[in-house]
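Top to bottom, those sequences are chains A and B.
Every letter in the first sequence is one number past the one before it in my numbering, and letter 70, counting from 1, is 70.
Every letter in the second sequence is one number past the one before it in my numbering, and letter 56, counting from 1, is 56.
Simulated from the structure, these hints should not be mistaken for lab results.
Just so you know, even glycine gets a beta-carbon here, dropped at the ideal spot from N, CA and C.
Wrong hints could be hidden among the right ones.
[What the hints assert, rightly or not] A few chain B residues that face chain A, going by a derived Cβ cut-off under 10 Å, partial list only:
| id | residue |
| --- | --- |
| 1 | Leu7 |
| 2 | Val10 |
| 3 | Ser34 |
| 4 | Val37 |
| 5 | Phe61 |
| 6 | Leu87 |
[Claimed, not checked] Taking lysine to aspartate or glutamate pairs in the DMTMM-like style, the calculated list, with each CA pair at most 20 Å apart, reads:
| id | chain 1 | residue 1 | chain 2 | residue 2 |
| --- | --- | --- | --- | --- |
| 7 | A | Lys138 | A | Asp211 |
| 8 | B | Lys79 | A | Asp219 |
| 9 | A | Lys167 | A | Glu30 |
| 10 | B | Lys79 | A | Glu207 |
| 11 | B | Lys90 | A | Glu109 |
| 12 | B | Lys90 | A | Asp137 |
| 13 | A | Lys67 | A | Asp137 |
| 14 | B | Lys90 | A | Asp219 |
| 15 | A | Lys138 | A | Glu207 |
| 16 | B | Lys90 | A | Asp211 |
| 17 | B | Lys79 | A | Asp211 |
| 18 | A | Lys67 | A | Glu205 |
| 19 | A | Lys167 | B | Glu41 |
| 20 | A | Lys138 | A | Glu205 |
| 21 | A | Lys167 | A | Glu109 |
As a plain string of letters, each chain reads:
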Amino acid sequence: MAKSLLAPLAAATVVLFAIALVLIAQAPPESTMGLVQKIFYFHLPSWLGMYSAIFTCGVASILVLAKGSAVADRFAVAGAELAVLFGANGLVTGPLWARKAWGVWWTWEVRLVSALLLWLVFVAYLIVRRYAGPGSDKLAAAVALFGTAVSPFVYISVNFWRTMHPKTTVLPTLPTSMGVPMLFSCLAFMALFGTLLAIRVRLAERETALDALYLAYED
Amino acid sequence: MAIRRPLRGVPTAVLTAWLIAVPALAQQPPGTASEYVPVPEGSIQTEQLPAAPLLIAAYAFFIAVVVLYVWTLGRRLTKVETEMRALEQKAQTGRR
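Required output: the full structure, derived from the provided sequences and hints.
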């Protein structure tokens, strides 16, 4: 399934990124932040990618814990890896924007710290998968469930605490000149997420097949 | 008299709470932007800290990370496939 989806997803990703970049270049700069606000067109979709990956990992982890599904386990590990990838992008692009907008690279405020901790939860997932030995899939699934349960609180934290970070209300109030580039950027990131997920799941399938082959050879 | 004595502490407690709350609330960060407004057409923007290097760094980082990840996926996939082929060949040789 993952293999058949790969080519159309990859093509859609390339086309959507090309459209998004043209639209971002044409979008007006923001009145107070200027040109640096254009980081927002890659920063927010990075978090969207991370949340999609967390959701994938969370749902798959429930199936791993409830049914011991091997297919779900492949999606869980792929989701965790992509959560770390997209999260790293969000955590790096954010400070690049903050340096200009706030005058500092980093500040220990609730949104930034909670986002960093959420990212670290999925780094922990990957460490558990790699080093915890037999049964690490179940142990890691529990870590993933914790991360998934925490993630909505990270998203809404800006609405409950008075932070420097822009609120979630920014997105619906975007004018068309900024909203359309953002829409295409989000679509491009979603297509990229789908493509990378398909490749990573395929890799996990082949790794399982190799393990089975080793077992058969030893027998 | 017995009722009044515990009540004596109430103004002290209120005053203490007020004295703690005022500086705590005053030290809260200022409110944030709740919307983004595009710059009015024709107006000139002056920038103190150049934004272009930061913008380029952000986009370049994203591209570099994705390219690196795809490359590692490709490498891992190739390694697994090579190992599978070698194992299959070994198994076939063993059968003969």
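Hints, one by one, checked against the model:
{"no.": "1", "hint": "Leu7", "verdict": "violated, 35 Å"}
{"no.": "2", "hint": "Val10", "verdict": "violated, 30 Å"}
{"no.": "3", "hint": "Ser34", "verdict": "holds, 5 Å"}
{"no.": "4", "hint": "Val37", "verdict": "holds, 5 Å"}
{"no.": "5", "hint": "Phe61", "verdict": "holds, 5 Å"}
{"no.": "6", "hint": "Leu87", "verdict": "holds, 5 Å"}
{"no.": "7", "hint": "Lys138/A with Asp211/A", "verdict": "holds, 18 Å"}
{"no.": "8", "hint": "Lys79/B with Asp219/A", "verdict": "violated, 23 Å"}
{"no.": "9", "hint": "Lys167/A with Glu30/A", "verdict": "holds, 16 Å"}
{"no.": "10", "hint": "Lys79/B with Glu207/A", "verdict": "holds, 10 Å"}
{"no.": "11", "hint": "Lys90/B with Glu109/A", "verdict": "violated, 58 Å"}
{"no.": "12", "hint": "Lys90/B with Asp137/A", "verdict": "violated, 30 Å"}
{"no.": "13", "hint": "Lys67/A with Asp137/A", "verdict": "holds, 12 Å"}
{"no.": "14", "hint": "Lys90/B with Asp219/A", "verdict": "holds, 14 Å"}
{"no.": "15", "hint": "Lys138/A with Glu207/A", "verdict": "holds, 18 Å"}
{"no.": "16", "hint": "Lys90/B with Asp211/A", "verdict": "holds, 15 Å"}
{"no.": "17", "hint": "Lys79/B with Asp211/A", "verdict": "holds, 13 Å"}
{"no.": "18", "hint": "Lys67/A with Glu205/A", "verdict": "holds, 18 Å"}
{"no.": "19", "hint": "Lys167/A with Glu41/B", "verdict": "violated, 26 Å"}
{"no.": "20", "hint": "Lys138/A with Glu205/A", "verdict": "holds, 18 Å"}
{"no.": "21", "hint": "Lys167/A with Glu109/A", "verdict": "holds, 13 Å"}
Hint compliance for this structure: hints 1, 2, 8, 11, 12 and 19 are not met, and every other hint is.
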